[in-house]
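Top to bottom, those sequences are chains U and Z.
Numbering of the first sequence is given in the working numbering, commencing with residue 1 and proceeding in unit increments.
Numbering of the second sequence is given in the working numbering, commencing with residue 1001 and proceeding in unit increments.
Because the hints were derived from the structure by calculation, they are not lab data.
Model, not experiment: these values are computed from the prediction.
Worth double-checking, as some hints may not be accurate.
Simulated pairs of lysine-lysine, DSSO-like, Cα-Cα distance not exceeding 30 angstroms [claimed, not checked]: (1) U:Lys126 / Z:Lys1241; (2) Z:Lys1005 / U:Lys141; (3) Z:Lys1259 / U:Lys141; (4) Z:Lys1241 / U:Lys168; (5) Z:Lys1258 / Z:Lys1241; (6) U:Lys141 / Z:Lys1125; (7) U:Lys114 / Z:Lys1058; (8) U:Lys114 / Z:Lys1259; (9) U:Lys141 / Z:Lys1058; (10) Z:Lys1058 / U:Lys14; (11) Z:Lys1125 / U:Lys126; (12) U:Lys114 / Z:Lys1125.
Label-pair ranges, simulated between beta-carbon atoms [said to hold, decoys possible]: (13) U:Glu5 / Z:Met1203: 30 to 36 angstroms; (14) Z:Ala1071 / U:Arg229: 55 to 61 angstroms; (15) U:Glu5 / Z:Val1059: 36 to 42 angstroms; (16) Z:Ile1184 / U:Gln197: 44 to 50 angstroms; (17) U:His143 / Z:Trp1033: 38 to 44 angstroms; (18) Z:Thr1151 / U:Glu68: 21 to 27 angstroms; (19) Z:Leu1204 / U:Asn41: 54 to 60 angstroms.
Over 12 angstroms on every C-beta distance to chain U, these chain Z residues come out as not near it, computed from the model [what the hints assert, rightly or not]: (20) Ser1074; (21) Val1075; (22) Ser1083; (23) Ala1111; (24) Phe1112; (25) Met1123; (26) Val1147; (27) Gln1175; (28) Phe1177; (29) Asn1181; (30) Val1229.
The beta carbon of each residue, even a glycine, is placed where N, CA and C say it ideally should be.
Chain by chain, the residues:
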Amino acid sequence: MLKVEQVSKIFNPKRSNAVVALSNVSLQIQQGEFVTIMGTNGSGKSTLLNLIAGNLFPSSGSIFWNDEDITRVPEYRRSRWMTRVFQNPLAGTAPELSILDNFRLAAIRTQSKKLTIGTGAAFQQKVSEQVSALGLGLEHKLHQPIGMLSGGQRQALTLLMSVMDESKILLLDEPSAALDPRSAQRVLQVAEKIIAQHRLTALYITHNIKDALQYGSRLIQMSEGRILRDISFEEKKNLQPETVFKWFN
Amino acid sequence: MKIFKIPDITTDGSFTLGAVVTALMLPADMSFWMALPVVLLAGGLAGAITGIIHTRLKVDALLAGILVMTALYSVNLSLMQRSNIPLINTSTVFRFWDQHQLYGDLAVALAFSVFFAGCIAYMLKTDFGIAMRATGSSPVMSTAMGVNTNTMKIAGLSLANALTALSGFLISQYQGFTDINMGIGIVIAGLGSVLIADTLIQMLHIRSMAVQLVFVILGSVLFQMILAVALSLGANPNLLKLITAMLVLIIVAIPALKKRSD
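Next comes chain U alone, as it looks inside the complex:
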């Protein structure tokens, strides 16, 4: 269980340009829950995600993962059980490295990076199988630099890479916002599939009302650094896009 307890985040504290990004936010997310977060720009969604990822530390409050206090654990250590997919479809992969090398790094995300070669025939076979499930023909391009692929292809690969090694939490920061509608849909479908397959605890930020209603087992609306609405799966099923649209007006 992921537990956020009375967390606040203030940027530039005690200065004239101080910004309260989050104020006293508390949230509990069960294992396997797929939480969609909506909110206007500046409502604190990204700050909340950054605090959970360890990219930022809170000004006050605590964050727990399975009763362990992780408030001050640095990002690279949290990556042992947490993966993140960014809005920028190019951010989750290293462009100069081949598809194979990118997958290798993802496969040893939680392990130490040793002086042994891990990209042998067996590993290539495994990656080839995973990648061919996307139906994009990328299994024939494993040795090409990943930077030569399109944003949509790279984002889909990023999602596959996130479950190459053991993962408990998946953070999706508007993963499809920069993609064309078809690529966007494919990325979200891959996300839904791996979340269900691996029983991941997922947080998904989006501005798209249709996606917010279609994906996720719980919906949260944030506003001015607080949680405004918290809607369960049962309620969410009956929610109409028009109703959600009105929340933002």
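Add chain Z to chain U, keeping to what the hints say.
Using the frame of chain U, we list chain Z on its own:
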């Protein structure tokens, strides 16, 4: 073949440092086999200091390199106690195959290149090497993949400067002396060589790390040959650094000039 996108100027100091350690140890009747690990360690330490200043103290990588290079000048000078040490009557690594001077030199240079390029090629293919390359390619992604990018940068800069010190070790024995100013502009020679290699690697779509490294070595040979041709055409040796700088400028400017003419 760029691992990190850092033009590391520490090299100007660590190249000389390698030569200085060599010039202190060989005349004291220590064999080059004993000098070699000390040279690598000294260069590695210099690079690690640059890396620590850059990552822990958040100083710009270029400035961190300039600081360590400047400091190394004094370190080198106080180690040497004078500005030049001859290595004429000492047994050097190039006296290994005594009889055939030219072939002997080539064989020694080749043996060192093959051995160290082989080690680096292997290293870059390992999980550690992938993490190091990823650190240069995308720090954000690397951190998310559990790579401590600070440690990686320190390790990479340390390795690079250990190899630069190794070059100083070889050159000082090849030319028969160590001079306090021999490292000036080495960073440009290294940069030029890598850029020539990169152009060829892109042109020929080379993916293998080992072959890419062969091209980097070819790049440095080509670079030195262009300089040698310029000198043999009657260029004033005093203008050598100017010619070097112009050469690198031309290599760097080619993409922009090409774009303009298109």
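For each hint, the structure was consulted:
1. With a C-alpha separation of about 52 angstroms, the suggested pair Lys126 (chain U) and Lys1241 (chain Z) falls outside the 30 angstroms cut-off, and the hint is violated.
2. A threshold of 30 angstroms between alpha carbons decides the hint, and for Lys1005 (chain Z) with Lys141 (chain U) the separation of about 26 angstroms falls inside it, so the pair holds.
3. Using a Cα cut-off of 30 angstroms, the hinted pair Lys1259 (chain Z) and Lys141 (chain U) holds, with the two alpha carbons roughly 29 angstroms apart.
4. About 57 angstroms separates the Cα atoms of Lys1241 (chain Z) and Lys168 (chain U), which puts this hinted pair outside 30 angstroms; it is violated.
5. With a CA separation close to 26 angstroms, the supplied pair Lys1258 (chain Z) and Lys1241 (chain Z) stays within the 30 angstroms bound.
6. For the hint pairing Lys141 (chain U) with Lys1125 (chain Z), the CA-to-CA distance comes to about 18 angstroms; that is within 30 angstroms, so the pair holds.
7. Distance restraint check for Lys114 (chain U) and Lys1058 (chain Z): the Cα-Cα separation of roughly 27 angstroms lies within the 30 angstroms cut-off, and the hinted pair is therefore satisfied.
8. For the hint pairing Lys114 (chain U) with Lys1259 (chain Z), the CA-to-CA distance comes to about 42 angstroms; that exceeds 30 angstroms, so the pair is violated.
9. The straight-line distance between the Cα atoms of Lys141 (chain U) and Lys1058 (chain Z) is roughly 38 angstroms, outside the 30 angstroms bound, and the hint therefore fails.
10. Among the hinted pairs, Lys1058 (chain Z) with Lys14 (chain U) is consistent with the structure: their alpha-carbon atoms are about 24 angstroms apart, no more than 30 angstroms.
11. The straight-line distance between the Cα atoms of Lys1125 (chain Z) and Lys126 (chain U) is roughly 18 angstroms, inside the 30 angstroms bound, and the hint therefore holds.
12. Our distance criterion of 30 angstroms between C-alpha atoms is met by Lys114 (chain U) and Lys1125 (chain Z), whose separation comes to about 11 angstroms.
13. Judged by the Cβ atoms, the range 30 to 36 angstroms given for Glu5 (chain U) and Met1203 (chain Z) is violated: they are separated by roughly 57 angstroms.
14. In this structure, Ala1071 (chain Z) and Arg229 (chain U) meet the distance hint of 55 to 61 angstroms, their C-beta atoms being roughly 59 angstroms apart.
15. Distance hint check: the CB atoms of Glu5 (chain U) and Val1059 (chain Z) are about 37 angstroms apart, consistent with the given range 36 to 42 angstroms.
16. For Ile1184 (chain Z) and Gln197 (chain U), the hinted distance range of 44 to 50 angstroms is not satisfied, since their beta carbons lie about 59 angstroms from each other.
17. Distance hint for His143 (chain U) and Trp1033 (chain Z): a CB-CB separation of about 39 angstroms, consistent with the stated range 38 to 44 angstroms.
18. Checked against the given bound of 21 to 27 angstroms, the beta carbons of Thr1151 (chain Z) and Glu68 (chain U), roughly 24 angstroms apart, stay inside it.
19. The supplied range of 54 to 60 angstroms is broken by Leu1204 (chain Z) and Asn41 (chain U), whose beta-carbon atoms lie about 47 angstroms from each other.
20. Chain U leaves Ser1074 (chain Z) outside its interface by the beta-carbon criterion, the shortest separation being 36 angstroms against a cut-off of 12 angstroms.
21. For Val1075 (chain Z), the requirement that its beta carbon stay farther than 12 angstroms from each beta carbon of chain U is met, with the minimum near 31 angstroms.
22. Taking the minimum C-beta to C-beta distance to chain U, about 41 angstroms, the non-interface status of Ser1083 (chain Z) holds against the 12 angstroms cut.
23. No beta-carbon of chain U comes within 12 angstroms of the beta-carbon of Ala1111 (chain Z); the shortest separation is about 23 angstroms.
24. Separation of Phe1112 (chain Z) from chain U is adequate, the least Cβ-Cβ distance of about 21 angstroms exceeding the 12 angstroms criterion.
25. A beta-carbon of chain U comes within 12 angstroms of the beta-carbon of Met1123 (chain Z); the shortest separation is about 7 angstroms.
26. Listed as outside the interface, Val1147 (chain Z) is inconsistent with that label: its C-beta sits roughly 7 angstroms from the nearest C-beta of chain U, within the 12 angstroms cut-off.
27. Its beta-carbon lying about 35 angstroms from the closest one in chain U, Gln1175 (chain Z) satisfies the requirement of being farther than 12 angstroms from that chain.
28. Distance check on Phe1177 (chain Z): its Cβ is at least 37 angstroms (rounded) from any Cβ of chain U, clearing the 12 angstroms threshold; non-interface status holds.
29. Every beta carbon of chain U lies more than 12 angstroms from that of Asn1181 (chain Z), the smallest distance being close to 36 angstroms; the non-interface claim holds.
30. The claim that Val1229 (chain Z) is not at the interface with chain U holds, since no C-beta of that chain comes within 12 angstroms of its own (minimum 33 angstroms).
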